[in-house]
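**Student:** Let the sequences and hints guide you as you build the complete structure.
There are 2 protein chains.
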Amino acid sequence: MTLRLDTQHLAGFVCAEEYKAIAPQVECAHRALHEGTGLGNGFIGWVDLPANYDKEEFQRIKAAAAKIKSDTDVFIVIGIGGSYLGARAAIEFIKSPNYNALPKKTPDIYFTGNSISSSALAELLQLCEGKEVSINMISKSGTTTEPAIAFRVFRGLLEKKYGKEGAAKRIYCTTDRAKGTLKQLADKEGYETFVVPDDVGGRYSVLTAVGLLPIAVSGADIGRLMQGAAKAREELSCPDLEKNDCYRYAALRNILYRKGKEIEVLASYEPCYTLMCEWWKQLFGESEGKDGKGLFPASVIFSTDLHSMGQYIQQGRRSLFETVVLFDAVKQEICLESDAENVDGLNFLAGKSMAYINEKAFEGTVLAHTDGGVPNLVLHVRDFSEESLGYLIYFFEKACAISGYLLGVNPFDQPGVESYKKNMFALLGKPGYEEQKEALEARLHR
Amino acid sequence: MTLRLDTQHLAGFVCAEEYKAIAPQVECAHRALHEGTGLGNGFIGWVDLPANYDKEEFQRIKAAAAKIKSDTDVFIVIGIGGSYLGARAAIEFIKSPNYNALPKKTPDIYFTGNSISSSALAELLQLCEGKEVSINMISKSGTTTEPAIAFRVFRGLLEKKYGKEGAAKRIYCTTDRAKGTLKQLADKEGYETFVVPDDVGGRYSVLTAVGLLPIAVSGADIGRLMQGAAKAREELSCPDLEKNDCYRYAALRNILYRKGKEIEVLASYEPCYTLMCEWWKQLFGESEGKDGKGLFPASVIFSTDLHSMGQYIQQGRRSLFETVVLFDAVKQEICLESDAENVDGLNFLAGKSMAYINEKAFEGTVLAHTDGGVPNLVLHVRDFSEESLGYLIYFFEKACAISGYLLGVNPFDQPGVESYKKNMFALLGKPGYEEQKEALEARLHR
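Line by line, the protein sequences are chains D and Y.
Each residue of the first sequence is one higher than the one before, starting from 101 at the first, in the working numbering.
Each residue of the second sequence is one higher than the one before, starting from 101 at the first, in the working numbering.
These are calculated hints, taken from the structure and not from any lab test.
Where hints are given, some of them may not hold.
Any copy, or any two copies together, can satisfy a pair, since identical chains are not distinguished.
Derived SDA-like pairs (lysine to any residue); straight-line CA-CA distance at most 20 angstroms [as the list claims (entries may be wrong)]:
hint	residue 1	residue 2
1	K204	K231
2	K331	T206
3	K359	G392
4	K361	D391
5	K261	S170
6	K431	H480
7	K204	L221
8	K261	D439
9	K269	R324
10	K530	E463
11	K264	E156
12	K359	C115
13	K521	F448
14	K530	C435
15	K260	L221
**Tutor:** Written as structure tokens, this is what we have:
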């Protein structure tokens, strides 16, 4: 099995009747999603995407990735939020968090346009010195401030370096199918374009061109990634709670939320899962954190964080539960050797693999934390392959949609993200925001 | 001023009477800390450390760093928790999160021994191939599982590469002054040793040899780091709440906690602050998360996470407050240029610096979030210098001690960290844990 939800460590926290009570609500959420009758039903294109994605564009993505691999040392991916986290998380998961440092035949990949830090941008310019550079600008509209600033800077760099025509062959835009300033610019300048579908929101877009081009440039097999997602789509479509681990996960988070848990801590024992946690935090935080509701998503990497957040989880406020993502296989194995003098006292582990020791660390931790009053859900994932990742991504996307409907929110909008933007535009003096400017400045300087 | 706490965005959340009410408790906590009468008073060596640290050892640290810079390509730092986070956070803050990738005259620095992932360890071995390597093993006892495993592997690598004698000149141990297996081994093999003081706990240890050696190897000026901390020690010793920003921060977190806030989100607008957030999470989470109490520490980097966790912060459950760390200066500046065609519509920003735009992003966000019901504390820090970092570290350490006393816990112990370790040792079959093994295994396989 690619993925399996283990609920044995919920004993004492959730009883059988609670499953029965929530099952009809899950069926109802399932129907709303699959019949397209739920809130935000204009943004459920991701549901069938693994089956009906654009095969012609998929080949163009592969061809573009092949060209980039052949003529590029540093590949700059410009995007924020859903146009950033998914691709980076997938590359760190499949390849490595040390992807850029490790010897390889594919380009270095850097992500930018996701903050307004000049220091970070200036460093990246330094890293491009003397290198062959290509760009992927990812923005539905082309006007989101953070990526637009970075794109202006890097487009300037490429035009200086390669001339306008040469640069045009190194700029790839992932944007709206037909409209928007980025699409217009790309058509005018002759940049190759890929599509951000209208019916797939940013945080659900990693399996569109948004994620696929950067992932393909890293050398990962995006065909197998889509196959994994397609398998999940088939296997996770049964409305029966008992037969659908995805829906059980969605139901359990709501059961725990309704009995007072406020924080869900996603835990992994592999450092290469760090950015996947960040992707998950956007997916769930942005989908459910609204109308004064929602579990607060947090994450830890064990055993690292057993020596930082571990104390809190063991004995702090009892307002949290953990979801642990475990992998049945490892990428590379190391066995501990015996030491003649045994100064560190580790000889009782001689001949044991680190995977085995890591598994015992998990087992020891899950028992300690449940003893401490922290419910634990455990997701067993087969391995670190592209298939497993595609499956896992779809699992979380669908669980998030069902969970949002159970919570009673629109899991596909993000109205709160506009608030800071409007204020920022006004304070920056953007044309059209003159009136707000004065009022906001008065509040800042009183 | 090196650091300033701005509380203007608490208007409507905290009233003047609340300061008055908590002031005597703060004075009481101050006395307990300074007179050494509070809980955990065996671990307050960090209070006067910036003034009375071991100057002879300090020179030895600088000399060791100079030698390492001269003969090492890759410097491997082995440690977990407080023996890991502080040094890494300081290097990313002062130098860069891209420190290893950027051109420089100092060694690459990698941190290991902080997880049990064989994939992560195997990758690091690959990164050492063909390179000159030195090691800093950091462990009070030498028997903590994670670093002990990594040390066994890397010590083997060095002895194979340089012979036993050659390796001995490349292994630096930061450990107990006199006892423990690592100290014994170091003395026997002739490794240079530095001291983890008895009266400074792991999470308070970044300004001891634990943090200072790796920080010095990165080329940062550890003398100025200590000067910054010494300045903070002097300036933050007044028991009067109105005159002490450190105590005001401690008091405000408790005021907000007592009125129902459960999560403190630490926010920065600079990616190089990411690991400092992790250091802060250990400091506060491990100090206060006990006896069923404590604010849950979380962190975000803006504007990046305004496009992931921003929705939750703006409109989710109203159980959180934010502490924003802002910098008055930037490391490198970039100004936005005008574009003849203005396709991205950014020309209203032409001639503006990114620092200015980032500042307006903060101002827009703080107003949006307070409008959304999220109290905001703002810490203004002068710059990214070693002095400012030393000051900031001491500020948070002292605030954490005072805050813990206000909460009514021992801010210097971490009894919960033992729970998973005991279980893990038993499950791994460590001699002496035989009895627990069977019982634990039965619970796992029922």
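**Student:** If any of the earlier hints don't hold here, list their numbers in rising order.
**Tutor:** 2, 9 and 11
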